[in-house]
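Engineer: Here the protein sequences come in this chain order: A and B.
Residues 1 to 261 in the numbering used here are what the first sequence lists, from first letter to last.
Residues 1 to 266 in the numbering used here are what the second sequence lists, from first letter to last.
Each hint should be verified, as a subset may be incorrect.
Here are the simulated DSS-like pairs of lysine-lysine, each with C-alpha atoms no more than 25 angstroms apart in a straight line [as the list claims (entries may be wrong)]:
| hint | chain 1 | residue 1 | chain 2 | residue 2 |
| --- | --- | --- | --- | --- |
| 1 | B | Lys262 | B | Lys33 |
| 2 | A | Lys120 | B | Lys212 |
| 3 | A | Lys136 | B | Lys212 |
| 4 | B | Lys85 | A | Lys56 |
It is worth saying that the hints were derived from the structure and are not from the lab.
Here is what each chain is made of, one letter per residue.
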Amino acid sequence: MEEPIIEVKNVSFSYPPLEVLEDVNLTVKKGEFLAIIGPNGGGKTTLLKIILGLLKPPKGEIYIAGKRIEELGKWRNKIGYVPQTAQIDYTFPITVEEFVMTGRFGLIGLGKRPRPYDWKMVQKALKEVKMENWSKKQIGELSGGQRQKILIARSLASEPEILILDEPTTAVDPQSSESFYELLLRLHEQEITIITVSHDVGVVAQYADSIACLNQRLIKHDRPEEVIREGVLEEMYGKEAAFFHHGIIPHIVVRKTSPER
Amino acid sequence: MEILQLAFMHRALSIGLIVGALGAILGVFVVLKRLSFMGAGISHAAFGGIALGYFLGWDPILTAVIFCVSVGIGISMLIENNRIKEDTAVGIFFTSTMALGILLIGLKKGYNIDLFGYLFGNILAVNREDLIVSLVIGIIITFSLYFFYKELVLSILDPEMARVIGLPVNFLNYLLVSLIALFIVISVRIVGIILVSALLTIPAATALRWSKNLKKALAISLVDSLGCTAGGLILSYYLDTAPGATIVILATIVFFVSLSIKQQMT
């Protein structure tokens, strides 16, 4: 549990002239559940994309399981990725089980077809998210919460050691959102390292081991309670931020004037 | 049937069915990736390619193959690297390659080209050589789609995920565009430059309305396309109409009829 699985060292990134990440350092231990929070335009998605290898930072290094990200090779398949739901065309003629199978394509290899073992892993992933009875449906027939679940199932199908989620509950109703975080907790118990980006400070504070606040610069709090404490959020979001309180826990944080990208 | 005893009709049906089958299969990928307009653009580039072949004294079809593949990849690269919107990029190449064709034909005065045949197709003038070229290109297209089937599916469905797991997404895009270009060049003989993108779009669009999975879409598209190609050819013989246009009109009627049946069912 103690060895680092992801190390981000001195990473800076900009979409000129906009500085997005400034000298970011982050270490995630094996089996850790980390939530990244921060305002829109604060660089959350950019950081995820850098960790996934989709963007290459001009400055800094990323190590995953001790290897430089450029030299990951086959280990790349042990990273499960759950994008925002909106990115996928749900009219695409593909059934739930075929969709989940796409998560194993990197393992199966170029030009090859899925074998019985691959289908077994797909069924296992669907069971994990309790969607096994929907496997023959077309993906467009699912509700928002169910779509979220098959995205998770897809990322689980490759038997990942790291799970990276980008605002997983944005298009999901609160009830599904709750059972969704419970699912993440179950995966957390299986020693899967989880990194999730979220807007929902109050919710992730209940579930995560640690919280990283990101607004160009990154500050990691190994005890989530620290974040809720007076001052930390104001410092990150600025004085003009609006907090919607839920008891003592700020539930949603929005910047009144957020630079959207 | 008496028309099946005519040698030219034999060849026309053979090449029609090859092209119809290829268009049906490739078309499903084209429609899903929203490349129908790209298809129309590349087919007009074929005019420039054929004219260039005539101008340089090279084989027009072979020149058009190389020209169209280059234009297809050129459009894709322009979109990727310079952040130009796809319809703009296609619009630019679409017109400039046609303009090039007109220019080159004008420069080669007195040269007799069957321009009308290329623009509107002349399936009845197909010869043995055309048939062999279509067969070879058909095998290349079918094999490429079969080999890269699952990679193409993911790169169309979710390109970001495809990149995350390390698929060569740019290569797959170029591959698909090159296959479209190859298909267009062989089918120009059947329906002509102006109508060729119909073969890539209409049967696939009809099939996708009825399909929950891709294999079913491919099967329906194939049956629809083969039926319309054969039916259109035979109809055109009896009605004495232009074969290419008859095929396209028939496929369009099937599309709208199936669409209204589907709407009444839901």
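Engineer: Can you list which hints this structure breaks, lowest number first?
Structural biologist: Every hint satisfied by this model.
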